[in-house]
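Visitor: As a plain string of letters, each chain reads:
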Amino acid sequence: MLNIAVIYFGIKGGIARLCNWAMPLLFICGTILLVRVLTLGAPANPDWSVAKGFGFLWNPNFAALKNAHVWLEAAGQIFFTLSVGIGVILTYASYLTKADDVVLSGLTSTATNELAEVIIGGSIVIPAAFVFLGPLAMDSVARSGTFNLGFVTMPLVLLQLPLAALLGFVWFLLLFLAGITSSVSLAQPAVAFLEDEFDITRKKAVGIFAVVTFFLCQPAIFFLKNGVVDELDFWGGTFFLVVFATIEVLLFAWVFGMEDAWDEIHHGADLRVPRIYKFIIKYITPPFLFAILGTWLWQEWLPIIRMDTVAAADRPYILATRAGLILLFATLAVLVGLAWRRKRLAAQEEQTP
Amino acid sequence: MNVSGWILLLFSWGFILALTVYCFVRVLRAKPDADK
Numbered sequence: 005m006l007n008i009a010v011i012y013f014g015i016k017g018g019i020a021r022l023c024n025w026a027m028p029l030l031f032i033c034g035t036i037l038l039v040r041v042l043t044l045g046a047p048a049n050p051d052w053s054v055a056k057g058f059g060f061l062w063n064p065n066f067a068a069l070k071n072a073h074v075w076l077e078a079a080g081q082i083f084f085t086l087s088v089g090i091g092v093i094l095t096y097a098s099y100l101t102k103a104d105d106v107v108l109s110g111l112t113s114t115a116t117n118e119l120a121e122v123i124i125g126g127s128i129v130i131p132a133a134f135v136f137l138g139p140l141a142m143d144s145v146a147r148s149g150t151f152n153l154g155f156v157t158m159p160l161v162l163l164q165l166p167l168a169a170l171l172g173f174v175w176f177l178l179l180f181l182a183g184i185t186s187s188v189s190l191a192q193p194a195v196a197f198l199e200d201e202f203d204i205t206r207k208k209a210v211g212i213f214a215v216v217t218f219f220l221c222q223p224a225i226f227f228l229k230n231g232v233v234d235e236l237d238f239w240g241g242t243f244f245l246v247v248f249a250t251i252e253v254l255l256f257a258w259v260f261g262m263e264d265a266w267d268e269i270h271h272g273a274d275l276r277v278p279r280i281y282k283f284i285i286k287y288i289t290p291p292f293l294f295a296i297l298g299t300w301l302w303q304e305w306l307p308i309i310r311m312d313t314v315a316a317a318d319r320p321y322i323l324a325t326r327a328g329l330i331l332l333f334a335t336l337a338v339l340v341g342l343a344w345r346r347k348r349l350a351a352q353e354e355q356t357p
Numbered sequence: 027m028n029v030s031g032w033i034l035l036l037f038s039w040g041f042i043l044a045l046t047v048y049c050f051v052r053v054l055r056a057k058p059d060a061d062k
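Keeping their order, the protein sequence lines are chains A and B. Okay, so the first sequence: first residue is 5 according to this note's numbering, each after it adds one. Okay, so the second sequence: first residue is 27 according to this note's numbering, each after it adds one.
I should point out that these hints are in silico values taken from the structure, not numbers from a laboratory. Using N, Cα and C, we set each Cβ at its ideal position, and we do this for glycine too. Careful: at least some of the hints might be erroneous.
[To be verified] Derived Cβ-Cβ restraints for the label pairs, each shown as a range:
#, chain 1, residue 1, chain 2, residue 2, range
1, B, I33, A, F173, 30 to 40 Å
2, A, A334, B, R55, 44 to 54 Å
3, A, V259, B, S38, 27 to 37 Å
4, B, L43, A, A327, 40 to 50 Å
5, B, I33, A, A315, 35 to 45 Å
6, B, I33, A, R279, 55 to 65 Å
7, A, L255, B, R55, 28 to 38 Å
8, A, G45, B, I33, 16 to 26 Å
9, A, Q355, B, R55, 46 to 56 Å
10, B, S38, A, F226, 32 to 42 Å
11, A, I204, B, L43, 37 to 47 Å
12, A, F226, B, I33, 43 to 53 Å
13, A, W344, B, L43, 38 to 48 Å
[As the list claims (entries may be wrong)] For the chain A half of the interface with chain B, some residues (derived, Cβ under 8 Å), not all of them:
#, residue
14, F58
15, W62
16, N65
17, T101
18, D105
19, L111
20, E201
21, E268
22, R276
Just need the whole structure built from these sequences, with the hints factored in.
Guide: If you want it as structure tokens, here you go:
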């Protein structure tokens, strides 16, 4: 409901207003929890210290680099947090004027994002869980999935601390703010698409979006224990992000053209992007992303498609989730096709005397 | 945490913090010009 209300008030009146107070508050909550975790010491076992908890995250394991899944997850993670490959950053970019400085804005949002997720986010859950659960439990904790980590492990860890209720409140407020600021951004492209391409009023577009998402959200709530959220997270939040980001970079560098793109980037920009990035974006990024996708497909597509790691009882739910995603994708493709047709017809009508 | 872990952590944190501060200084310096 809150999402819908924020979207209803538009970019400036809704999303910008929400982010103006939610983002500083998110950083305050994160900093409180970060300081608390850094000052934990080793309360459960002298060997389970915070420094060793950081070691679980930061000690390099070069053997893992041979696993394509690690590369795919890393690429999916960075694309998701920077809103690349899901249409969000494209939608926001469409509201900028020619004179806006996209270089400085892009670099600032990237740096702030890394500050939030690497320094603050990376220093809370895993080190805190290590301090209370120890090294043996960490593998299963890290593999338990995004939802478990935030909503099961972390509250259990916080319960061990003095002022558990207060810290729990700060933690869930942080999750709520991170969630809502992301979900309004994810909703905006769909609402803008309905408004712009089908000439629907904002009120009506938000209404359609609300009804559709209400029904689409139900499987994630009722079949959470069957792995539906993790399945959606993998395809929607990792694999297809890398696929769509690869398509985007190809369109940007090879269809739009690197020279035009370079002029467009620097229009109104204070900073200059080093020229080497022209070469990197055009010749390094696309083959690199293809290599990640190709190696992942070669190493893992069969076990994933056959659902080898999924419990037999959960397989019908996972299969239904995949069928739902295909249906959703097909519906969106049809809508995009219809929008193109409308545009073509409108252009023909304009040309006809 | 081993030595490589510390190097990786300090390099990453240092780089991210320095970049964030640099960007915010540039944004704050650019803003008055944009307002003119």
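Visitor: All the hints need checking, so say for each whether the structure fits it.
Guide: Status of the hints after comparison with the structure:
1. B:I33 / A:F173: 30 to 40 Å: Taking Cβ atoms as reference, I33 of chain B and F173 of chain A lie about 36 Å apart, which means the hint holds.
2. A:A334 / B:R55: 44 to 54 Å: holds, 49 Å
3. A:V259 / B:S38: 27 to 37 Å: holds, 35 Å
4. B:L43 / A:A327: 40 to 50 Å: holds, 46 Å
5. B:I33 / A:A315: 35 to 45 Å: holds, 41 Å
6. B:I33 / A:R279: 55 to 65 Å: Check failed, 30 Å falls outside 55 to 65 Å.
7. A:L255 / B:R55: 28 to 38 Å: holds, 34 Å
8. A:G45 / B:I33: 16 to 26 Å: 24 Å Cβ-Cβ, so the 16 to 26 Å window holds.
9. A:Q355 / B:R55: 46 to 56 Å: holds, 49 Å
10. B:S38 / A:F226: 32 to 42 Å: holds, 40 Å
11. A:I204 / B:L43: 37 to 47 Å: Hint holds: Cβ distance 45 Å, inside 37 to 47 Å.
12. A:F226 / B:I33: 43 to 53 Å: holds, 47 Å
13. A:W344 / B:L43: 38 to 48 Å: Since W344 of chain A and L43 of chain B have Cβ atoms about 46 Å apart, the given range 38 to 48 Å holds.
14. F58: holds, 5 Å
15. W62: holds, 4 Å
16. N65: It is violated, given that the least Cβ distance between N65 of chain A and chain B is near 10 Å, above 8 Å.
17. T101: violated, 11 Å
18. D105: Where the cut-off is 8 Å and the nearest Cβ of chain B is about 7 Å from D105 of chain A, the hint holds.
19. L111: The hint holds - L111 of chain A has a Cβ within 8 Å of chain B, the shortest such distance being about 5 Å.
20. E201: Given a least distance of 32 Å, the restraint on E201 of chain A is violated.
21. E268: Result: violated, 19 Å to nearest chain B Cβ.
22. R276: R276 of chain A check fails; min Cβ-Cβ to chain B is 13 Å, beyond 8 Å.
Checked against the numbered hints given earlier, this structure breaks hints 6, 16, 17, 20, 21 and 22; the rest are met.
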